[in-house]
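Chains as they are written, first to last, in the working numbering: chain Y, 40 to 153; chain X, -16 to 100.
Quick caveat, the hints were computed from the structure, so don't treat them as lab data.
Hints are supplied without guarantee of correctness; some may be wrong.
[Claimed, not checked] With a straight-line Cα cutoff of 27 Å, these simulated DSSO-like cross-link-like pairs (lysine-lysine) come out:
1. X:Lys(-3) / Y:Lys145
2. Y:Lys88 / Y:Lys145
3. Y:Lys145 / X:Lys47
4. X:Lys47 / X:Lys24
5. X:Lys49 / Y:Lys145
Residues per chain are reported as follows:
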Amino acid sequence: AQSVTQPDIHITVSEGASLELRCNYSYGATPYLFWYVQSPGQGLQLLLKYFSGDTLVQGIKGFEAEFKRSQSSFNLRKPSVHWSDAAEYFCAVGFNQAGTALIFGKGTTLSVSS
Amino acid sequence: GAVVSQHPSRVICKSGTSVKIECRSLDFQATTMFWYRQFPKQSLMLMATSNEGSKATYEQGVEKDKFLINHASLTLSTLTVTSAHPEDSSFYICSAREGRGGGNEQFFGPGTRLTVL
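Working from the sequences, and respecting the hints, build out all of it.
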């Protein structure tokens, strides 16, 4: 069965430090890959997505993610974290099958320390 | 970009009453809409998939008689929580997709916080 794993439940990063959030998926083919961010009590905002092509994807707010087929991974990175980046981050995968919804990982909570 | 709205954003109701949540795609036609449920500090769990003009497909463990979904038009889907109980309190999020293809992006609404007293 398809699944998405975010190994880190909670990460704390100092403001200005770099960030990497991990995401691994289990699927026979290459799925469509997404990263979303959610602030407390809010909906989801799309940070970036990968459908095909260049495996390094640039997103909003200075985020980027790299698709590595050999590792079935789609890790999210940011070179310098800002306090406003503190939120919940979800990795999700979609499949090229009619009517299928995204499958979400359990999320990683990012805290930013000053 | 595509916008999905939800109404209401927050609702408090008494146990035993029914609550309707609306999900609208504002600037595109949503062939498919999805309803998710999110408990505090947890991920989104898919409840059902709704295709315009047909019955919703519910995920295993989701009571279709309790969570009524209607996708009457290409821009509106409703979720009705019938005879709500405190355990139904949760954050409900809808998403909409233009087209049936799984590769098409899903756009998410801002969510509805339901509290059942």
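Violating hint indices (sorted, rising)
1
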